[in-house]
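Chemist: The lines below spell out each chain.
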Amino acid sequence: MKRLPFEKPLSELLDKIEQLKTLSQTEGIDLTSEIAKIEERADAVRRDLYANLTPIDVVQIARHPNRPDAISLATLMLTDWTELHGDRQFADDPSIIGGLGLMGSHRVMLIGHQKGHDTKENIYRNFGMPHPEGYRKALRLMQLADRFNIPIVTLIDTPGAYPGLAAEERGQAEAIARNLKEMAGFRVPIISVVIGEGGSGGALGIGVGNRLLMLQYAVYSVISPEGCASILFRDAKKADIAAKALRITASDIYSLGVCHGILPEPLGGAHHHWQETASTIQSACITELNRYQSWSSDAIIEERFQHFRKLGPFIENNEPANMPTFC
Amino acid sequence: MSIVDWFAKKEKTNATSTKLNIPGDVWIKCPSCGEILFQKDLESNAKVCPKCQHHFRLSAFERIELLADPTSFVEVDSSISPIDFLTFSDTEPYQARIHKSQSKSLSKDAVITGSATIQGIPVQLAVMDFGFMGGSMGAVVGEKITRTIERGVATQNPVIVVASSGGARMQEGIMSLMQMAKTSVALQQLARVKVPYISIMSDPTTGGTSASFATLGDINLVEPGALVSFAGPRVIEQTIRQKLPKGAQRAEFLLHHGMVDRVVHRKELPTTIAKLLRVLMIPTGGAHETTPL
Numbered sequence: 000m001k002r003l004p005f006e007k008p009l010s011e012l013l014d015k016i017e018q019l020k021t022l023s024q025t026e027g028i029d030l031t032s033e034i035a036k037i038e039e040r041a042d043a044v045r046r047d048l049y050a051n052l053t054p055i056d057v058v059q060i061a062r063h064p065n066r067p068d069a070i071s072l073a074t075l076m077l078t079d080w081t082e083l084h085g086d087r088q089f090a091d092d093p094s095i096i097g098g099l100g101l102m103g104s105h106r107v108m109l110i111g112h113q114k115g116h117d118t119k120e121n122i123y124r125n126f127g128m129p130h131p132e133g134y135r136k137a138l139r140l141m142q143l144a145d146r147f148n149i150p151i152v153t154l155i156d157t158p159g160a161y162p163g164l165a166a167e168e169r170g171q172a173e174a175i176a177r178n179l180k181e182m183a184g185f186r187v188p189i190i191s192v193v194i195g196e197g198g199s200g201g202a203l204g205i206g207v208g209n210r211l212l213m214l215q216y217a218v219y220s221v222i223s224p225e226g227c228a229s230i231l232f233r234d235a236k237k238a239d240i241a242a243k244a245l246r247i248t249a250s251d252i253y254s255l256g257v258c259h260g261i262l263p264e265p266l267g268g269a270h271h272h273w274q275e276t277a278s279t280i281q282s283a284c285i286t287e288l289n290r291y292q293s294w295s296s297d298a299i300i301e302e303r304f305q306h307f308r309k310l311g312p313f314i315e316n317n318e319p320a321n322m323p324t325f326c
Numbered sequence: 000m001s002i003v004d005w006f007a008k009k010e011k012t013n014a015t016s017t018k019l020n021i022p023g024d025v026w027i028k029c030p031s032c033g034e035i036l037f038q039k040d041l042e043s044n045a046k047v048c049p050k051c052q053h054h055f056r057l058s059a060f061e062r063i064e065l066l067a068d069p070t071s072f073v074e075v076d077s078s079i080s081p082i083d084f085l086t087f088s089d090t091e092p093y094q095a096r097i098h099k100s101q102s103k104s105l106s107k108d109a110v111i112t113g114s115a116t117i118q119g120i121p122v123q124l125a126v127m128d129f130g131f132m133g134g135s136m137g138a139v140v141g142e143k144i145t146r147t148i149e150r151g152v153a154t155q156n157p158v159i160v161v162a163s164s165g166g167a168r169m170q171e172g173i174m175s176l177m178q179m180a181k182t183s184v185a186l187q188q189l190a191r192v193k194v195p196y197i198s199i200m201s202d203p204t205t206g207g208t209s210a211s212f213a214t215l216g217d218i219n220l221v222e223p224g225a226l227v228s229f230a231g232p233r234v235i236e237q238t239i240r241q242k243l244p245k246g247a248q249r250a251e252f253l254l255h256h257g258m259v260d261r262v263v264h265r266k267e268l269p270t271t272i273a274k275l276l277r278v279l280m281i282p283t284g285g286a287h288e289t290t291p292l
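Chains as they are written, first to last, in numbering that gives the first Met the number 0: chain D, 0 to 326; chain B, 0 to 292.
Worth double-checking, as some hints may not be accurate.
[Unchecked claim] Ranges between beta-carbon positions, derived for each pair:
| hint | chain 1 | residue 1 | chain 2 | residue 2 | range |
| --- | --- | --- | --- | --- | --- |
| 1 | D | Arg46 | B | Ser77 | 21 to 31 Å |
| 2 | B | Arg191 | D | Arg46 | 18 to 28 Å |
| 3 | B | Asp24 | D | Asp297 | 49 to 59 Å |
| 4 | B | Lys266 | D | Gln305 | 15 to 25 Å |
| 5 | D | Thr118 | B | Leu65 | 32 to 42 Å |
| 6 | B | Asn44 | D | Pro4 | 37 to 47 Å |
| 7 | D | Pro64 | B | Ala95 | 39 to 49 Å |
| 8 | B | Ile281 | D | Thr118 | 19 to 29 Å |
| 9 | D | Gln305 | B | Glu74 | 49 to 59 Å |
| 10 | D | Gln305 | B | Ile35 | 50 to 60 Å |
| 11 | D | Thr118 | B | Thr154 | 30 to 40 Å |
| 12 | B | Lys103 | D | His272 | 28 to 38 Å |
| 13 | D | Pro64 | B | Ile239 | 17 to 27 Å |
| 14 | B | Lys245 | D | His272 | 45 to 55 Å |
Everything labelled a hint here was simulated from the structure, so no lab data went into it. For clarity, every value in this text was computed on a predicted model and none was experimentally measured. The beta-carbon is built from N, C-alpha and C at its ideal position, and this holds for glycine as well.
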């Protein structure tokens, strides 16, 4: 498993453990107690590292190649999961997936950005960067869900919508904008979960929900730290400073009032334990979906509207308005 | 280099260079055709180059003057001002950028809103100002545009938004992104009460603005030559190393790809808007049953 730059102190210990394991196998020596001792130390180091993460460390965890992807989570969380394809207009975009299934006793339409875990998969999934047809597939499936009164769960994990000529020709901006407006009007509850990278408009394009949850080491940002660094700080190497300034971690997004809850990840990040991560997301979504069981469609629409309506602090007649609690 | 090449090169440099050492604000060079224009002539021609019809950028108040009937515009929400709630600082603190932009501007942020009439039709109007921090959308722009849409819902007046923006205001972090959702959610409410919304895209309309209210018009109009895109040409070149063909993402490209209803010359905008609204706002049952607007 890929080790992240900030895990260097841990990395040395893990290497040592592996060396000892090989040694004990090839030489037939019993090193169990030595290995256990180092493993204990590794755990302590890991706990320490993960208790003192900087925002750019969190970005690395959010982008870890082994982080659980939308399809795997759908398979782990849903029974009767059936993936559905295509926008019925142009193509099927593999970087957004969707389908029907049961989450506990709830029928759901699950939509998510889909990344790959290796180069081949990532090329097929376009690194989780959708074209307009991806957003239009998502819209078609959400409209289907709305028609059959099926709640919508969206899993957000994208560096951003794809910036390219073909995407522009087919109306990337319009495809995202339409989703924002249409999601606002659905009569069914929408639960969105940022499972990895929440990359700007490309993330929001399936993120206008009643509730927004974030995995502990997920991030959500208006621009990538690297992009912000090169534009505002005039130095792409200042991504760590930009990551901090933009306030993109789950706890920041929560204290800004943009997300409603943080879902804890296993020690060392979600990529160490997909099943546990899936269970966490599943039980959080079920709790949310239970809330809406007796809600009218008007109340569901109104709640979504009110959430976004109050986001955005400003000063009016010398009085601050919409200020988040932490400021 | 032959003499022919030399002339060709000289002409090319002349046509593309916008800087010329001529004093102050008297003369201006058209960045499109290279014509030297008398500033006053340009202003009396709606800031459109009389030779090649290049549309120069307008400030919000210049735009309102061209769009609204004389003295009909009544500004609202003018006291709303941005706040640096993240204490954001890049090469310069956000607070300092706000002060600098406000001192150079007649407004407190990148949008002016209010009510007006266009050829006698009452409308709710929001006009963005590229001159204020690149027309970037933060909480103030989002709030004022949302209120404009809400006044459309309350008064049943059609809503007109003129976009001119580089996108979201990064200094406000995730909150700038949320303004895309906020304005689009408001447009859902406007659509429900069947009040028309006309979006006018001027140069440039990119990023978070194009991916929210600007492309959501019941009617989308765009000024000739305006750059309208999700990702601007530089972003595309830097991220995926793709060089865009000439004219890509310009108004005519958008029309060709079906993204806008019409490319409309600046001087034709009031008439076009009025014609559309007159037809859109005739109640069902036919023209004969209605009183003139």
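Chemist: Measuring from beta carbon to beta carbon, are arginine 46(D) and serine 77(B) in 21 to 31 Å?
Modeler: 54 Å, violated
Chemist: Is it true that aspartate 24(B) and aspartate 297(D) lie within 49 to 59 Å of each other by Cβ?
Modeler: At roughly 56 Å between Cβ atoms, aspartate 297(D) and aspartate 24(B) fall inside 49 to 59 Å, so the hint holds.
Chemist: For the hint 50 to 60 Å, verify it against the beta carbon of glutamine 305(D) and that of isoleucine 35(B).
Modeler: 55 Å, holds
Chemist: Take a look at whether the Cβ-Cβ distance between lysine 266(B) and glutamine 305(D) falls inside 15 to 25 Å.
Modeler: The hint (15 to 25 Å, Cβ to Cβ) is violated, given that lysine 266(B) and glutamine 305(D) are roughly 42 Å apart.
Chemist: Is 37 to 47 Å a correct range for the gap between the Cβ atoms of asparagine 44(B) and proline 4(D)?
Modeler: 58 Å, violated
Chemist: Taking the beta carbons of threonine 118(D) and leucine 65(B), is their distance inside 32 to 42 Å?
Modeler: 53 Å, violated
Chemist: Could you check the hint for me, namely that threonine 118(D) and threonine 154(B) are 30 to 40 Å apart, CB to CB?
Modeler: For threonine 154(B) against threonine 118(D), whose Cβ atoms are near 56 Å apart, the range 30 to 40 Å is violated.
Chemist: Can you let me know if the beta-carbon spacing of proline 64(D) and isoleucine 239(B) is within 17 to 27 Å?
Modeler: 20 Å, holds
Chemist: Against the range 28 to 38 Å, how does the distance between the Cβ atoms of lysine 103(B) and histidine 272(D) compare: consistent or not?
Modeler: 54 Å, violated
Chemist: Given the range 39 to 49 Å, decide if the beta-carbon distance of proline 64(D) to alanine 95(B) lies inside it.
Modeler: With a Cβ separation near 40 Å, proline 64(D) and alanine 95(B) satisfy 39 to 49 Å, so the hint holds.
Chemist: Can you tell me whether the CB distance of isoleucine 281(B) to threonine 118(D) sits inside 19 to 29 Å?
Modeler: Because 59 Å falls outside the window, the suggested range is violated.
Chemist: Do the Cβ positions of lysine 245(B) and histidine 272(D) conform to the proposed distance bound of 45 to 55 Å?
Modeler: 52 Å, holds
Checked against the numbered hints above, the structure breaks hints 1, 2, 4, 5, 6, 8, 9, 11 and 12 and satisfies the rest.
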